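Student: Spelled out from the first residue to the last, the chains are:
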Amino acid sequence: MTSKHRSVVLFTSLVTILGVVLLSGCQFTSPGHPQSTFDPHGPVAERQMELFWIIFWAALFVMIVVGGGLLYTVFRFRRKPGEDRMPEQTHGNARLEIAWTIAPTIVLAVVAVPTVLTQFYVSNTPEGDVLQVNVTAHQWWWEIEYPDSGVKTANEFHVPVGVPVEVNMTSSDVLHSFWIPKLAGKLDVIPGKNLTMWFQGDNPGEYYGQCAEFCGEAHAWMRFRVTVDTKEDYEAWTQAQLADAVTPGDDYDDILPKAGLNVFRTSGCILCHSISGVVELPDRAELNKAYIASEGYRISKGPNLTHLASRSTMAAGIRELNAENLREWLEDPDKVKPGNYMARDAQVYYDPDQALTDTEITELVAYLLSLK
Amino acid sequence: MATTTGVLQRPTSTTGLWGWITTVDHKKIGALYGVTAFIFFLIGGVEATVMRLQLHRPEFDLVSPEVFSQLFTMHALTMIFLAVMPLSAAFFNLVVPLMIGARDVAFPRLNAFSYWVFLFGAILLQSGWLLGGSPNAGWFAYAPLTGPGANPGNGMEFYLLGLAVLGVSSVAAALNFIVTIINMRAPGMTLMRMPVFIWMTLVTSFLLITAFPVITVGLIELYFDREFGMNFFNVNAGADVVLWQHLFWVFGHPEVYILILPAMGIVSEVLPTFSRKPLFGYPIIVLSGITIGFMGWAVWSHHMFTVGLGPVANSVFAITTMAIAIPTGIKIFNWIGTMWGGSIRLSTSMLYAVGFIFVFIVGGLSGVMHSIAPSDAQQQDTYFIVAHIHYVLFGGSIFAVFSGIYYWFPKATGKLLNEGIGKLNFWVTFIGFNVAFFPMHFLGMDGMPRRQPTYESNMGWDLWNMVATGGTLIIVLGVLIFLHNFFWSLRKGERAGADPWDGRTLEWSIASPPPEYNFATIPTVHGRDAFWDQKYANGHAVPQGASDDEEHEDDEGHGIHMPSPSYWPLVAAVGLAVAGYGMVFHEPGQVAGAIVAIVGAAITMVGVYAWAMEPASEPSEH
Amino acid sequence: MEHGPEHETTTGIDHRKMLIWVFLGSECMFFGSLIATYLIYYGESVSGPTPADVLDIPTTTVSTFVLLMSSFSMVMAYSNIRKGNVRNFRVWIMCTAILGATFLGFQFFEFREFAIHGHLTPRTNLFGSTFFTLTGFHGAHVTVGVVWLISLFGYSFKGDLTPQEGLSVDIAALYWHFVDIVWIVIFTAVYLIGVFGK
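Protein chains in written order, with this note's numbering: chain P, 1 to 372; chain S, 1001 to 1622; chain A, 2001 to 2198.
Among the hints, erroneous ones may be present.
[Claimed, not checked] Computed footprint of chain S on chain A, listed as stretches where at least three residues anywhere in the stretch have a Cβ under 8 Å from a Cβ of chain S:
(1) 2099-2110
(2) 2116-2126
[What the hints assert, rightly or not] Now the in silico label distances, taken between C-beta atoms and shown as ranges:
(3) Gly1132(S) / Glu2044(A): 33 to 43 Å
(4) Glu2044(A) / Phe120(P): 22 to 32 Å
(5) Arg2087(A) / Val1608(S): 22 to 32 Å
(6) Gly1019(S) / Arg76(P): 47 to 57 Å
(7) Thr2011(A) / Phe120(P): 49 to 59 Å
(8) Gly1470(S) / Thr2011(A): 50 to 60 Å
(9) Ile102(P) / Thr2011(A): 34 to 44 Å
(10) Gly2136(A) / Gly1470(S): 46 to 56 Å
(11) Trp1297(S) / Glu166(P): 31 to 41 Å
(12) His1561(S) / Thr2011(A): 14 to 24 Å
(13) Trp57(P) / Glu1516(S): 56 to 66 Å
(14) Phe2065(A) / Ile102(P): 28 to 38 Å
(15) Trp1297(S) / Thr2011(A): 20 to 30 Å
(16) Ser276(P) / Ser1457(S): 33 to 43 Å
[Said to hold, decoys possible] Now the stretches of chain S that chain P is said to cover, found in silico as 3 or more residues with beta-carbon under 8 Å:
(17) 1058-1066
(18) 1451-1457
Source of the hints: derived by calculation from the structure; they are not laboratory data. This one's a predicted model, so the numbers in the text were calculated from it and none came from an experiment. The C-beta atom is built at its ideal place from N, Cα and C for all residues, glycine as well.
With the hints as constraints, model all of the structure from the sequences given.
Tutor: Right, dumping it as C-alpha cells:
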C-alpha cells in the first residue's frame, strides 16, 4: 500500500468513526433524555437549537477542511526512511496569509448576524398576553408565586400551552441559575437583583428544570418541574391551588392525617413551612434574631406545602412523591439530599431526644399526602 | 570569599541539597519548577480520577458531595496554577536565556524567589486537604457562596491566600522574564528575530503582570469581607455580587491565554525543527500572538453570558469573542503552512505538537460555539463546557507541554527520552484523552450540568459517563508510561549530544546539558533561525557534529563571572508562607493569626533587606 | 551597590530601572481595580455616612500638598546625588521621608476621626469598605516608600552611593512619584467627586 493510499484509508476511517460517534450522540430526542437540548418544545429553546446547528455545521466543515488538511500535510510530507531532503526554506506567502485571514473573518461575520438577532429575540419578552411568574431561589429549592392569580407553590408550576411566560427571578441567598433545557436556556438568579427571562411551552407535558449554577452542597438536587397544560387544565390547576389546604376532619380515614397535623404543629415544622389556612410562617426577622443568638446562624424558609400532594415530585424535583419516599425523607433528610437545611435546622434531626418516632412519621406522611 | 552581610556565611556550594536550595542558576530553577509542577500535575490527576470514578455510573457513592465539591475546585486550581502555569515557567526558565544567547536571567535571585514562593503557595493551597477542608466553591469562587455567611470554615482562606501568594510568584517571575527578554538578547537578535517561543513568553509575562493585580484586588476584598466583616459582596449593604465575577474574569480570561500562549510558543519551535523548514509567516504569527494577548482583555464577559448583562452586552462580547478566533485560526493555518513541503520527522515531540493542533482545532471550534451567546445559554455550566476547556487546556496546553518535554529534555539532561516508549505514551494519551472528553460534548447537550456529584439513571447520561471514565483510566495509563520513560531515560537514555534534532535556535549550539555559564562566548545573531543559519550558511550543510564542541567546554568558561548562590530568596519566601498561614487561620477578634502574619512579614523583610545588601555575585578569587 | 556582571544591556537601560517601570505598570492595574471598585460602589451604600458627610477637603488638601512637596524634594535629592553632593542628598532624602511620614500622620488622624466622630468604619457600609481599603493600600505603599527612603539615607553613610550609582535613588524616586500620582487620582476620585460631585 502506498503512503497516499494509507492516508486516504486513515482519513476515511477517522471520518467514519467521527460520523458514527456523532450519530450515536444525536439520539437525544427519545423520552429517556428529559434534559436534552436537542428536543425543544418551545420557541426559545428552538431558536437556540437552530442557532446551534448553524454554527455546528459551519464548525464541522471547518474541522474537516483544516483537520483534514493537517493530517494530509503530515502524511504527505513525512520523512521516509533514509530520506535526507533539505526542503526549500520558504518563509511565508503574503497572498495565502491574507486569504486565510479574510476567510474566517467572513465566516464569523456571517454567523454573527443570526447570533445577534437570536440574542435580541430570546432576551425580549413578546408583547401581548404574557403570564407572569415570580421565582425566588433558595438553597436548595424554588419558591414560585403567580402575582396575578395569587397562587403560591414550590418546585413545580404549571403554565398554559402557547402563552409566553415571563419569569421574574431573584435569590434569597447565593447565585443560582434557572434552566428548563427543553423550553429555554438558562439565566442566573442573583441575590439583590431582579432578572427576567421568558419561555413558552408549545406542547402539553411535564418538563425538567434544574439549577445550573453551582450553589453549594446540594446543588445537584435543586431541580424543578414545569407542566405545560391545556388552557382548561391550567385553569383547573390554578383554582385548585388557590383553595386553602384541606383540614382533616373526624372521619375514620382522617385519624392518621389529623394526628399528623398535630405532629406538624408541635415538632417545629411550622417554623419553616407554611400551609395556607392552617399555619402561617412566623416573622422571619424575629425568629432569626433568636436563632442567631442561640445557634449562630439564621434558619431558612422551606417550601410552601399547601397542596403538596398535588405535585408529582418532592424535595425540589428529586424524587417521585409517594409514601415510601416521604417516609425516607422524614427519617433522614440528609441521606436523601445531602447538605439540605432541614436536616441542619430542625430540632427533630439535630437533637436525638426530640427525634420523630416511627408512629409520628407515619402520621406526618399521611397528613402530607392528604394535602391534595 | 568575604561576606558583606555578616549574618550568614554566603553559600558557596553549587552541588548537593544545599546547592539546589540556594541555587540561582536558571537551568536548575527550571528543573525545580518542572519537577514540582509535574508532581502537582499528578496530584491534580488523582483528583480528576477520583471524580471520574465517582461519576462512572449513576448514584455511585465513592465520595460525599462536600468532598466532591472540594475535588472539582482543587482539580481546577491544581491544574491551572500548580501544573500548567509552573510547567510553562519551567520552560521559560530553562529555555529563554539559552534561546536569546544569555548567561542567566536578569535577576537570578528574584528567579529563585519566584520558585520558592510558588512552592510555598502551592503547599499552602493544597494543605487545606489536611487542615480542615479545601475550598469548595469552584475555582471561580463566585460570591456570595464564598462569603462569610454561606461558607464558614477556613476552606476559602486557603484559596484566597494560596492564590495571593502564587500571584506574587507569577508576577515576580513575569517581571524577570520581561526584563530578560527585552534587555539581555545576544547582539543582533532584534525583536523580529526572536524565536516565537520568546515572543509568546513575553506576551504571557505582560498578561501576568497586568491580570494578576486584578484578581489580587478581588481576593483582598473577599478576604476582608470574610475576616473583618466588610461589605464588598454583602447584598444587604447594597453590594453587587456580580462585581466579583467581573474582577475574576477580567483576570480569568487573560489567564486562559497565559495558559495557552506558551503552548503555542512551544509548538512554534517544534514544528519548524521537525519539518526542517522555517516557521511559515513568522511576522503574522507574532502579530496574532500579540493580538490574542490584547483581545484577551476584551472578551471576559463571555464567561457571563447567562448573568443577565442584557442583549447589547451579550452581542458585543459575542462578536469580540468570535473575533479572537481569527488570530487563532491564522496561527493554525501558518503551522500547517510550516509543515507543507517540509521533511517531517514524526518524533514523539512532533506527534504531540501535531496532536496539539488537531485537538486545538476541536477545542477552538467548540469555543466559537460558546461565543454564540444565545445558544451558549444552553451550554453554559454543562459538560459541553467541560469538554471545551479540556480540549484547549489538556489537549492544548498539556499536549504542548509534553511536546516541549520530549523536545528539551535532552538539552536539560544530556539524555534522549526513549522514542519507542514515547510514541506509545503519545498514542495512549491521545486516545484516552479523546475517549474521556469527546463524550462530554454529548453529555452537555443532553443537559448534564457540571459540578454535580452524581446523577440518576433516568436522565440518559449513563453510557457516556461510563465511556468518559474509561478514557480517564487510559489517560492515567498514558501518564504512567511517561513516568516510566522519564526515569528509564534518565538512567539509560541515549546520549543526546548538543544538537539531537538538527535544531534551529541558539540553545542547540551549546553542550547538553549546558555549562553553568551557557555560552563561553556570547553569539552574534544574523537572522531568525540563528543556529540554523550558522550550520547551513549559504545553503551548504556544515558536517554534523561540527558544532558539537563538548570536548572543548572544559577549557573554556574560565573567568566568566556568574551570580553566586544565596539563601535570602528562600528566607523571603518562607516569610510569605508563614504570613500566609497566619492569615488563613486568623479568626475575628483573636490576635494569634495576626501575630503569626506579622512574624512572617518580618521574616520576609529581613530576607529582602539582606538580599538587597548582598552583592549579586561575590568578587572572584581569580 | 554593585549589581552583577552584566552592565551592557540590549536597550541600554539598566535592568533594575526597567524592572521598576514594568512593576509600576502592574501596580497601575492594582490601584485601577481598587479605584474601579470604589467608583462602582459610589452612591450605592444603603446607609450613611456618605462621602460628603465625613470627608474633610481642607485638611486633605493640606496633606495632598505635603505629598506633592515630597515629590519635589525627591527630585532635589536625586539631582544632588547625580552631582555627587552626598551631604545635600541626605538633607533632601530625609526631607522627603519626613514629608511622607507627615502624610501618613494625616491619614492616621483622618481614619481615627472617621471612626470616632464620623461613625464610619470599614464595616459600616459600602463606602466605608471601599474607602478604607483603597486609601489604606495607598497608605501602605507610602509606608514602604518611607522605609525605602530612610534605608537610602542610611546607605549613604556606607559611602556606596556614588553619582554613577544614582540609579538606586532614581528607582526609589520613580516609585515615590508613582505613589504620589496615584494619590492625585484618589484625591480626585474619592475626595473631590465625593464632596462636590452630584
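Student: Check the following: the C-beta atoms of glycine 1470(S) and threonine 2011(A) are separated by a distance inside 50 to 60 Å.
Tutor: Between glycine 1470(S) and threonine 2011(A), where Cβ atoms are some 54 Å apart, the hint holds.
Student: Range hint 20 to 30 Å: satisfied by the CB atoms of tryptophan 1297(S) and threonine 2011(A)?
Tutor: Hint holds: Cβ distance 26 Å, inside 20 to 30 Å.
Student: Is it true that the C-beta distance of glutamate 2044(A) to phenylalanine 120(P) lies inside 22 to 32 Å, as the hint says?
Tutor: holds, 29 Å
Student: Do three or more residues of the segment 2099-2110 of chain A come closer than 8 Å to chain S, measuring C-beta to C-beta?
Tutor: It is violated, with 0 qualifying residues against the three required.
Student: When you take the CB atoms of glycine 1019(S) and arginine 76(P), is the distance between them in 47 to 57 Å?
Tutor: holds, 50 Å
Student: Check the following: the C-beta atoms of isoleucine 102(P) and threonine 2011(A) are separated by a distance inside 34 to 44 Å.
Tutor: holds, 36 Å
Student: Starting from the hint 46 to 56 Å, judge whether the C-beta atoms of glycine 2136(A) and glycine 1470(S) obey it.
Tutor: holds, 54 Å
Student: Could you see if the CB distance from tryptophan 1297(S) to glutamate 166(P) stays within 31 to 41 Å?
Tutor: holds, 35 Å
Student: Per the hint of 49 to 59 Å, is the separation of the Cβ atoms of threonine 2011(A) and phenylalanine 120(P) within bounds?
Tutor: With a Cβ separation near 50 Å, threonine 2011(A) and phenylalanine 120(P) satisfy 49 to 59 Å, so the hint holds.
Student: Do the beta carbons of phenylalanine 2065(A) and isoleucine 102(P) sit within 28 to 38 Å of each other?
Tutor: Violated - the Cβ-Cβ distance for phenylalanine 2065(A) and isoleucine 102(P), about 57 Å, lies outside 28 to 38 Å.
Student: Residue count check for the segment 1058-1066 of chain S against chain P: does it reach three with CB-CB under 8 Å?
Tutor: Holds: 3 residues of the segment 1058-1066 of chain S have a Cβ under 8 Å from chain P.
Student: 33 to 43 Å was suggested as the range; check whether the CB atoms of glycine 1132(S) and glutamate 2044(A) agree with it.
Tutor: holds, 35 Å
In terms of the numbered hints stated before, the structure departs from hints 1, 14, listed from lowest to highest.
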